[in-house]
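J.: Chain by chain, the residues run as shown.
There are 6 protein chains.
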Amino acid sequence: MEISARNVLKGKVKDVNPGAVNTEVVIELSNGVEIVSIITKDSAERLGLTDGKAVYAVVKASDVMVATD
Amino acid sequence: MEISARNVLKGKVKDVNPGAVNTEVVIELSNGVEIVSIITKDSAERLGLTDGKAVYAVVKASDVMVATD
Amino acid sequence: MEISARNVLKGKVKDVNPGAVNTEVVIELSNGVEIVSIITKDSAERLGLTDGKAVYAVVKASDVMVATD
Amino acid sequence: MEISARNVLKGKVKDVNPGAVNTEVVIELSNGVEIVSIITKDSAERLGLTDGKAVYAVVKASDVMVATD
Amino acid sequence: MEISARNVLKGKVKDVNPGAVNTEVVIELSNGVEIVSIITKDSAERLGLTDGKAVYAVVKASDVMVATD
Amino acid sequence: MEISARNVLKGKVKDVNPGAVNTEVVIELSNGVEIVSIITKDSAERLGLTDGKAVYAVVKASDVMVATD
Chain A
1 MEISARNVLK
11 GKVKDVNPGA
21 VNTEVVIELS
31 NGVEIVSIIT
41 KDSAERLGLT
51 DGKAVYAVVK
61 ASDVMVATD
Chain B
70 MEISARNVLK
80 GKVKDVNPGA
90 VNTEVVIELS
100 NGVEIVSIIT
110 KDSAERLGLT
120 DGKAVYAVVK
130 ASDVMVATD
Chain C
139 MEISARNVLK
149 GKVKDVNPGA
159 VNTEVVIELS
169 NGVEIVSIIT
179 KDSAERLGLT
189 DGKAVYAVVK
199 ASDVMVATD
Chain D
208 MEISARNVLK
218 GKVKDVNPGA
228 VNTEVVIELS
238 NGVEIVSIIT
248 KDSAERLGLT
258 DGKAVYAVVK
268 ASDVMVATD
Chain E
277 MEISARNVLK
287 GKVKDVNPGA
297 VNTEVVIELS
307 NGVEIVSIIT
317 KDSAERLGLT
327 DGKAVYAVVK
337 ASDVMVATD
Chain F
346 MEISARNVLK
356 GKVKDVNPGA
366 VNTEVVIELS
376 NGVEIVSIIT
386 KDSAERLGLT
396 DGKAVYAVVK
406 ASDVMVATD
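Chains as they are written, first to last, in our numbering: chain A, 1 to 69; chain B, 70 to 138; chain C, 139 to 207; chain D, 208 to 276; chain E, 277 to 345; chain F, 346 to 414.
In isolation and in its complexed conformation, chain A is listed as follows (with noise of 0.2 Å):
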């Protein structure tokens, strides 16, 4: 499946904490920099979300903010 949304980084999970409804997942980009990411607690288990797998985070361009100092 290729996908509409501009962004599709490469990384691993290095961190899942589920909640009632929502999961919390950490991903780990190649270069060490972390991004975090929120989904649903089904689509984490769906996903089969462990520690260590690789995976995409994707993001669309609008979804994006810029800021300056």
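If you're looking for bench data, these hints aren't it; they were derived computationally from the structure.
DSSO-like mimics (lysine-lysine), calculated; alpha carbons at most 30 Å apart, straight line:
| id | chain 1 | residue 1 | chain 2 | residue 2 |
| --- | --- | --- | --- | --- |
| 1 | A | K41 | D | K260 |
| 2 | D | K248 | F | K357 |
| 3 | D | K221 | C | K152 |
Which stretches of chain E does chain F cover? Using the computed rule of at least three CB atoms under 8 Å from a CB of chain F, they are:
| id | region |
| --- | --- |
| 4 | 278 to 288 |
| 5 | 300 to 307 |
| 6 | 313 to 321 |
| 7 | 325 to 335 |
For each residue, glycine too, the CB sits at the ideal point set by N, CA and C.
Place chains B, C, D, E and F on chain A using the hints.
T.: Chains B, C, D, E and F alone, transformed into the frame defined by chain A:
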């Protein structure tokens, strides 16, 4: 200013493509990875985004999806 | 690729309207219902979206609001 | 009330799963297709969402991604 | 229509700036505070948005970030 | 830090309701209008959000819908 968005990734502007209402901004993270952002043209001008400028890509955790191969 | 977004709805492209930065894509689901998408022009071109092409409309659960009459 | 969101899809509630802050709502569209929504628990209660209730799934065009096989 | 989005703020249209695909709408809340919206051009036309028109700014709770100085 | 998000509304925290993964924050704008935010529990703790604290509600223009009666 500190913000609730969990992901604040350091980088610099690599490209700025203005449209009528929105502008596309390509940000190069420190590791060479590129992340693409769409913001309003007014915001791009207000922030003075030009090639090479140091910026942050800011993304809410709930806007980060996870994908597997 | 499998994605955390909960909603992956099968359909086909009914219309593609490109702007300067963004493109509007109308997707007809199998039941005749239409769903409208705005993606970047680059993504529309990269995916080769043309009338009749088989696609999926992908929507995160947190982006689906509920309304009542 | 009429809203700018382009997608207003008719359906009925098929399932409601409340968490601490958010509630997951499964909506069955007229054609049997299911769409999953995460809204705040307060909103789910305010709207009186129970199984079988007629509702609309409301989605902004910019929140609809497009994927191809 | 009642909607799950938690924030429905009363105001009136102060400015409408159409682009090719999207339109920028400036809404003045009752207290003089301005809130800016980007919607599709089609939606702006469908809603008949013109200066002075009474409208609501509708925002999901998960789309509101919090910042501190 | 200056951010591309067009809407940065001054207010103070009126209520904080933590869940397992997400926290609901009610912000009272200077005019008495309330705006509700859902952020991650970690962010709420990192920002030290307690009743009465001065904060900003930050919202992207593309996350503001427009509705009419």
